[in-house]
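Q: Work the whole structure out from these sequences, hints included.
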Amino acid sequence: MKEQINEIRETAVKQINSCQKTNELTNLKVEYLGKKGKLSLLLKQMGKLPPEERKTVGQLANKVRNELEQNLEQKMAQIKLIEQENKMKSEKIDVTLPGQKFQIGNIHPLSKVMKEINDIFIGMGFSIAEGPEIETDYYNFEALNIPKDHPARDTQDTFYINDNILLRTQTSPVQIRVMEKQKPPIRIISPGRVYRSDSVDATHSPVFHQIEGLVVDKNITMSDLKGTLELFVKKLYGEDSNVKFRPHHFPFTEPSAEMDVMCFSCKGKGCSLCKGEGWIEILGCGMVHPKVLKECNIDPEIYSGFAFGLGLERIVMRRYNIDDLRLFFENDMRFLSQF
Amino acid sequence: MNLSVKWLKDYVNIDNLTIKELTDGLTMSGSKVEGFENENDKIQKIVVGKIISIEKHPDADKLVVCLVDVGQDEPLQIVTGATNVKENALVPVCLNGAILPNGTKIRSGKLRGVLSQGMMCSLSELGLSKNDFPYAIEDGIFLLEEECEIGQDICEAIGLDDTKIEFEITSNRPDCLSVVGLARETAATFNLPLNISSPKVKGSSGNINDSLKVDIKTPLCSRYMAKMVKNVKIKPSPRWMRERLRASGVRPINNIVDITNFVMLEYGHPMHAFDASNVSGNNIIIRTAKNEETITTLDGIEHNLKDSMLMVCDSEKPIAVAGVMGGKYSGVQEDTTSIILEAACFDGANVRKTAKALNIRTDSSVRFEKGLNPICCENTINRACELIELLEIGEVVGGTIDIQNFDHKPKTIHLDSEWINNFIGISLSNDDMTKILNSLDFEVKDNEIIVPPHRIDIEHKADVAEEIARIYGYDKIPVSTIKGKADGALTETQKFKQLINASLIAIGCSEICTYSFMSPKEYNKIQLAPDCDLRNSIKIQNPLGEDTSTMRTTTFPSILSILSKNYNNRNEKAWLYEIGRVYIPSEENSQPYQIDKIAIGTYGNCDFYTIKGIIESLLDQLNVSDVEFVAAKGMPFHDYRCCEIVKNGKILGKFGEVHPTVSENYKIGTKAYIAELDFNTIFSARNELNTYCGIPKFPASVRDLSLVCDESIESGKIEKEIKNNVGKILESIEVFDVYRGEQIADNQKSISYKLTMRDRTRTLTDEEIDKVIEKTLTSLEKIGVKLRFQS
Numbered sequence: 000m001k002e003q004i005n006e007i008r009e010t011a012v013k014q015i016n017s018c019q020k021t022n023e024l025t026n027l028k029v030e031y032l033g034k035k036g037k038l039s040l041l042l043k044q045m046g047k048l049p050p051e052e053r054k055t056v057g058q059l060a061n062k063v064r065n066e067l068e069q070n071l072e073q074k075m076a077q078i079k080l081i082e083q084e085n086k087m088k089s090e091k092i093d094v095t096l097p098g099q100k101f102q103i104g105n106i107h108p109l110s111k112v113m114k115e116i117n118d119i120f121i122g123m124g125f126s127i128a129e130g131p132e133i134e135t136d137y138y139n140f141e142a143l144n145i146p147k148d149h150p151a152r153d154t155q156d157t158f159y160i161n162d163n164i165l166l167r168t169q170t171s172p173v174q175i176r177v178m179e180k181q182k183p184p185i186r187i188i189s190p191g192r193v194y195r196s197d198s199v200d201a202t203h204s205p206v207f208h209q210i211e212g213l214v215v216d217k218n219i220t221m222s223d224l225k226g227t228l229e230l231f232v233k234k235l236y237g238e239d240s241n242v243k244f245r246p247h248h249f250p251f252t253e254p255s256a257e258m259d260v261m262c263f264s265c266k267g268k269g270c271s272l273c274k275g276e277g278w279i280e281i282l283g284c285g286m287v288h289p290k291v292l293k294e295c296n297i298d299p300e301i302y303s304g305f306a307f308g309l310g311l312e313r314i315v316m317r318r319y320n321i322d323d324l325r326l327f328f329e330n331d332m333r334f335l336s337q338f
Numbered sequence: 000m001n002l003s004v005k006w007l008k009d010y011v012n013i014d015n016l017t018i019k020e021l022t023d024g025l026t027m028s029g030s031k032v033e034g035f036e037n038e039n040d041k042i043q044k045i046v047v048g049k050i051i052s053i054e055k056h057p058d059a060d061k062l063v064v065c066l067v068d069v070g071q072d073e074p075l076q077i078v079t080g081a082t083n084v085k086e087n088a089l090v091p092v093c094l095n096g097a098i099l100p101n102g103t104k105i106r107s108g109k110l111r112g113v114l115s116q117g118m119m120c121s122l123s124e125l126g127l128s129k130n131d132f133p134y135a136i137e138d139g140i141f142l143l144e145e146e147c148e149i150g151q152d153i154c155e156a157i158g159l160d161d162t163k164i165e166f167e168i169t170s171n172r173p174d175c176l177s178v179v180g181l182a183r184e185t186a187a188t189f190n191l192p193l194n195i196s197s198p199k200v201k202g203s204s205g206n207i208n209d210s211l212k213v214d215i216k217t218p219l220c221s222r223y224m225a226k227m228v229k230n231v232k233i234k235p236s237p238r239w240m241r242e243r244l245r246a247s248g249v250r251p252i253n254n255i256v257d258i259t260n261f262v263m264l265e266y267g268h269p270m271h272a273f274d275a276s277n278v279s280g281n282n283i284i285i286r287t288a289k290n291e292e293t294i295t296t297l298d299g300i301e302h303n304l305k306d307s308m309l310m311v312c313d314s315e316k317p318i319a320v321a322g323v324m325g326g327k328y329s330g331v332q333e334d335t336t337s338i339i340l341e342a343a344c345f346d347g348a349n350v351r352k353t354a355k356a357l358n359i360r361t362d363s364s365v366r367f368e369k370g371l372n373p374i375c376c377e378n379t380i381n382r383a384c385e386l387i388e389l390l391e392i393g394e395v396v397g398g399t400i401d402i403q404n405f406d407h408k409p410k411t412i413h414l415d416s417e418w419i420n421n422f423i424g425i426s427l428s429n430d431d432m433t434k435i436l437n438s439l440d441f442e443v444k445d446n447e448i449i450v451p452p453h454r455i456d457i458e459h460k461a462d463v464a465e466e467i468a469r470i471y472g473y474d475k476i477p478v479s480t481i482k483g484k485a486d487g488a489l490t491e492t493q494k495f496k497q498l499i500n501a502s503l504i505a506i507g508c509s510e511i512c513t514y515s516f517m518s519p520k521e522y523n524k525i526q527l528a529p530d531c532d533l534r535n536s537i538k539i540q541n542p543l544g545e546d547t548s549t550m551r552t553t554t555f556p557s558i559l560s561i562l563s564k565n566y567n568n569r570n571e572k573a574w575l576y577e578i579g580r581v582y583i584p585s586e587e588n589s590q591p592y593q594i595d596k597i598a599i600g601t602y603g604n605c606d607f608y609t610i611k612g613i614i615e616s617l618l619d620q621l622n623v624s625d626v627e628f629v630a631a632k633g634m635p636f637h638d639y640r641c642c643e644i645v646k647n648g649k650i651l652g653k654f655g656e657v658h659p660t661v662s663e664n665y666k667i668g669t670k671a672y673i674a675e676l677d678f679n680t681i682f683s684a685r686n687e688l689n690t691y692c693g694i695p696k697f698p699a700s701v702r703d704l705s706l707v708c709d710e711s712i713e714s715g716k717i718e719k720e721i722k723n724n725v726g727k728i729l730e731s732i733e734v735f736d737v738y739r740g741e742q743i744a745d746n747q748k749s750i751s752y753k754l755t756m757r758d759r760t761r762t763l764t765d766e767e768i769d770k771v772i773e774k775t776l777t778s779l780e781k782i783g784v785k786l787r788f789q790s
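Going down the list, the sequences are from chains S and E. Everything in the first sequence is counted per numbering that gives the first Met the number 0, starting at 0 for the first residue and increasing by one. Everything in the second sequence is counted per numbering that gives the first Met the number 0, starting at 0 for the first residue and increasing by one.
A few of these clues could be false.
[Stated by the list, open to error] Under the rule of at most 30 Å between Cα atoms (straight-line distance), these lysine-lysine pairs were calculated in the BS3-like manner:
(1) E:Lys496 x S:Lys111
(2) E:Lys434 x S:Lys217
(3) E:Lys31 x S:Lys268
(4) S:Lys268 x E:Lys41
(5) E:Lys31 x S:Lys274
(6) E:Lys696 x E:Lys666
(7) E:Lys564 x E:Lys649
(8) S:Lys182 x E:Lys494
(9) S:Lys182 x E:Lys484
(10) E:Lys482 x S:Lys114
(11) E:Lys61 x E:Lys44
(12) E:Lys632 x S:Lys147
(13) E:Lys666 x E:Lys649
(14) E:Lys289 x S:Lys180
(15) E:Lys496 x S:Lys180
(16) E:Lys289 x E:Lys216
(17) S:Lys147 x E:Lys31
(18) S:Lys147 x S:Lys111
(19) E:Lys41 x E:Lys104
[What the hints assert, rightly or not] Each pair of labels, with its calculated beta carbon distance range:
(20) E:Gln493 x S:Gly267: 30 to 40 Å
(21) S:Asn218 x E:Asp619: 44 to 54 Å
(22) S:Glu141 x E:Pro477: 29 to 39 Å
(23) E:Thr609 x S:Gln73: 53 to 63 Å
(24) E:Gln493 x S:Tyr137: 18 to 28 Å
(25) S:Asn22 x E:Ala699: 16 to 26 Å
These aren't lab readings, by the way, just hints derived from the structure by calculation. We treat Cβ as the ideally placed atom computed from N, Cα and C, and that holds for glycine.
A: Here is the structure:
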């Protein structure tokens, strides 16, 4: 009987090893180890054996059963792996074919950079103030220390609705409106559209965007102005940016300055981008003129402040190397889809 | 303002500074340098030569062959066609490889077979004119009458070796529109002494008051000073004066005119010279013009005057436009023998307006309109007389006419060094500040600052702070951060706008930016009714053209124009949006209503239900629920494909397909869809709180109903009926099919709805659902809607 068991073992192992498919393997399991399988049938004849042999034959039979079960299991895992591999092989695709893109829209480049600038200032504790684009002469000029007949009015070619109402030429009127309503501390920026009667060409548009800022509090100094704007430039153009403040004149600030940033392309050596100067003018700024504070009922003996303003279009044009301002307002999809 | 460096050196010793140091330093102290140019940069290898011999060209009648000594071992042989060459004459000679100011290169070569080793130059070839060298002729070789040496560089020999610096002077600093002003800035910036002294006039016999009377008949003239010069000899000015004028961009004319220009450039205060014989009645009257008076100005143009314009007149007529330009017939002529010099102070605003109205802008008007101090008249007129005496042009008659109408008291400002230090963020001592102020001609006595007369811009201690900061150096001011309370954040509406942007972009629309202007023609293009309120728009008084003549009252033309541009640029598809303003007139003389709109426009890969879907998805994102879509009409929309969005009786916006005529007007050759939503109405219609609602524990029951009804019955009505009948347990209702055709009668349609019903507290039984559906179907039948089948 021992020989018979060993015989069964041998043929079973052979068959298991040569098996290729999962269903064949399942059949083999039934054939040998099932209730009516070869091994079971053989063991049913154990009763006929002498008692002393039963023990050893029983042990052998169990050993063979365990071995076959293990073999079957291993083989099963092996075949499954192969079958899975084959399946995947049959599912091979050309991964270089294009994906199914989602049609997401694009934000306008002016908004994109405007948001970036707004976010920098919000991070520094500024709020965003907005105001009317059709303004009164008072807010656009008079309150900003630009009385009638002031030469500065000549340089800002203004669109008038009537003698008293005009299209704002700067977003500074928002500063006045904020100072009238809010007691210091004030920390705002006012982004928005402004208008000047410039004919349309590659660098001029009768509508463009400005971002102005205003800080008023006790003990605000020109050092704060420098520090704040330097920080802004480093966040916008990178930590290694260099700035320089040059004296300038604006009717509503005193002292006034223009801030230049070292040319990104030539690092100050002078190139075509900076017209050989090594520096690019970015914004105008200054300490709020005490007359302007007074006009808004803020005591200039107690409070001081600084203000700044920059033109958005020029910054965006430089950022993306856009050479014609008209592209912003033409809104061609081939332009918009690049941002 | 162009500054001659030679002239600047008359006042400050800048020999230790390079031009780069000079210009950088001045820029950083507030006089912005736009650029500089050496007069001799463009001229190379041109030297003084002496003509030794002149012989006829063997093969050309009109050419001669000259031997010219240029200081080299051998004289050069030069062929020329000029007829004014003379033996022993000194001439400018281009050596082989020379470069002329216009860029031309001169090389030796053969002229009609004869070797020519260079070229002799004319005035114009050197970039000069007869004004620069009155003794020379225009068309011929420039025969030098200067003291110079053979072989000497020509630029050095004729004084063409100045450097011009171009400044951008800000409007508050008219004093820097002068050599002395810039010399003062240079001295203060580099801490150098300023060499300036008051002009001195010797004078001669007689008294001006015997032969001239001046009357000021207007408050617009705060001072009028006059001096008289007799026995005047009109001739060209000396070379040093012509050089300085040329480098400043002013054309030399004759000694008197040149002196008035020279003094204006030097001191910054304009002046004028009249031919005394042309001042009738020996009377100068400063008054405003009479209507219908005219004047022909120096440039030969006749102007009609208005009664607001300030004039210098004689007893009969205007002889100069005050502060702007002199009259043609009262000016200095070749044969003038006696002159009246004027240094006056005219009202800046009046000069500005007059110059603008007459369309003349002069060096004089530019200075007056920024504001000048009457005190400065005195030095100005004295400097002119000093130069007249120095150059021996004539005799300065004794006495001065000086009519004054101003306050002599200088402005004083308390030197509050503590305030200034705190304001700027520096710590300078009183002495340091005084030193800076002194260098700019401010006197400081007992902490009181006396503002010099030329500084009309200094009024407040903040102005003083700027003077100190800029001379101390903006770059030396330390850097600090703002202290104190900071609560930066977006407002609710600003956040809402960001959400709109993010949502529309996610949906697939691209943001655009359009002008707020509009041509009134656009109202016709979008076919607005003649009496439509939207036609009433804000008009701009001084537009650039029709396109910028009104402010838009609707965004439709803006979005349609951009759709049209994209369509005609052959872009397959454009889905666009803008949050843009419209401007609606309010009461007369007050600011209009400025209202934000959300404009959307699409063409390509879309239909009516696409734009409706865009709006529905947007409103979902914005948490605006329970809106109704109501069929509507009106331009610029398709009569049967337009819809208003309504919530609680308020219209949030309108959208639909573009009317075919409007599409045609905008040359859009495909179906386009547009929308305009009102920002504020939508903002108010949003559900502010969006609380979490637990995930349901009990299953939903789903029923599909295919209904049939007349075409005229809108799905919205059916949905409303279903909602009313099913009640609270209706979780959602969805249209999944609309069918017309076989099995459906003509003029009828079948709409299939999927109803999802759920009770959040228990499982609904089939019997319950059946009952509700039955009830619903009964109601639907009453409005003409029948069941086709259900599942």
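Q: Does each hint hold? Answer for all of them.
A: So, going through the hints one by one against the coordinates:
1. For the proposed pair Lys496 of chain E and Lys111 of chain S, the alpha carbon gap of about 14 Å is at most 30 Å, so the pair holds.
2. Restraint check for Lys434 of chain E and Lys217 of chain S: satisfied, since their Cα atoms lie roughly 29 Å apart, inside the 30 Å limit.
3. With a C-alpha separation of about 19 Å, the suggested pair Lys31 of chain E and Lys268 of chain S falls inside the 30 Å cut-off, and the hint holds.
4. At roughly 23 Å between alpha-carbon atoms, Lys268 of chain S and Lys41 of chain E fall within 30 Å of each other, so this suggested pair holds.
5. Between Lys31 of chain E and Lys274 of chain S the CA atoms are separated by roughly 15 Å; this keeps the pair inside 30 Å, and the hint holds.
6. With a C-alpha separation of about 56 Å, the suggested pair Lys696 of chain E and Lys666 of chain E falls outside the 30 Å cut-off, and the hint is violated.
7. With a C-alpha separation of about 34 Å, the suggested pair Lys564 of chain E and Lys649 of chain E falls outside the 30 Å cut-off, and the hint is violated.
8. The suggested pairing of Lys182 of chain S with Lys494 of chain E holds, with an alpha-carbon distance near 24 Å, which does not exceed 30 Å.
9. Proximity of Lys182 of chain S to Lys484 of chain E is assessed by CA-CA distance (about 13 Å); at most 30 Å being required, the pair is judged to hold.
10. In summary, the hint linking Lys482 of chain E to Lys114 of chain S is supported, as the alpha carbons are separated by about 25 Å, within the 30 Å threshold.
11. Of the supplied pair hints, the one linking Lys61 of chain E and Lys44 of chain E holds, its CA atoms being roughly 27 Å apart against a limit of 30 Å.
12. For the given pair, Lys632 of chain E sits about 49 Å from Lys147 of chain S by alpha-carbon distance, which is inconsistent with the 30 Å threshold.
13. Pair hint Lys666 of chain E plus Lys649 of chain E does not hold up; C-alpha atoms about 34 Å apart against a cutoff of 30 Å.
14. Among the hinted pairs, Lys289 of chain E with Lys180 of chain S is inconsistent with the structure: their alpha-carbon atoms are about 49 Å apart, more than 30 Å.
15. With a CA separation close to 24 Å, the supplied pair Lys496 of chain E and Lys180 of chain S stays within the 30 Å bound.
16. Restraint check for Lys289 of chain E and Lys216 of chain E: the C-alpha separation of about 13 Å stays at or below 30 Å, so the hint holds.
17. Distance hint between Lys147 of chain S and Lys31 of chain E is fulfilled; the C-alpha atoms sit about 27 Å from each other, no more than 30 Å.
18. Among the hinted pairs, Lys147 of chain S with Lys111 of chain S is inconsistent with the structure: their alpha-carbon atoms are about 37 Å apart, more than 30 Å.
19. For the hint pairing Lys41 of chain E with Lys104 of chain E, the CA-to-CA distance comes to about 11 Å; that is within 30 Å, so the pair holds.
20. For the pair Gln493 of chain E and Gly267 of chain S, the supplied restraint of 30 to 40 Å holds, since their beta-carbon distance comes to about 38 Å.
21. In this structure, Asn218 of chain S and Asp619 of chain E meet the distance hint of 44 to 54 Å, their C-beta atoms being roughly 49 Å apart.
22. Distance hint check: the CB atoms of Glu141 of chain S and Pro477 of chain E are about 35 Å apart, consistent with the given range 29 to 39 Å.
23. Look at Thr609 of chain E against Gln73 of chain S: about 59 Å separates their beta carbons, and that is inside 53 to 63 Å.
24. Take Gln493 of chain E and Tyr137 of chain S: their Cβ atoms lie about 26 Å apart, and the range 18 to 28 Å holds.
25. At about 41 Å, the CB distance of Asn22 of chain S to Ala699 of chain E disagrees with the hint of 16 to 26 Å.
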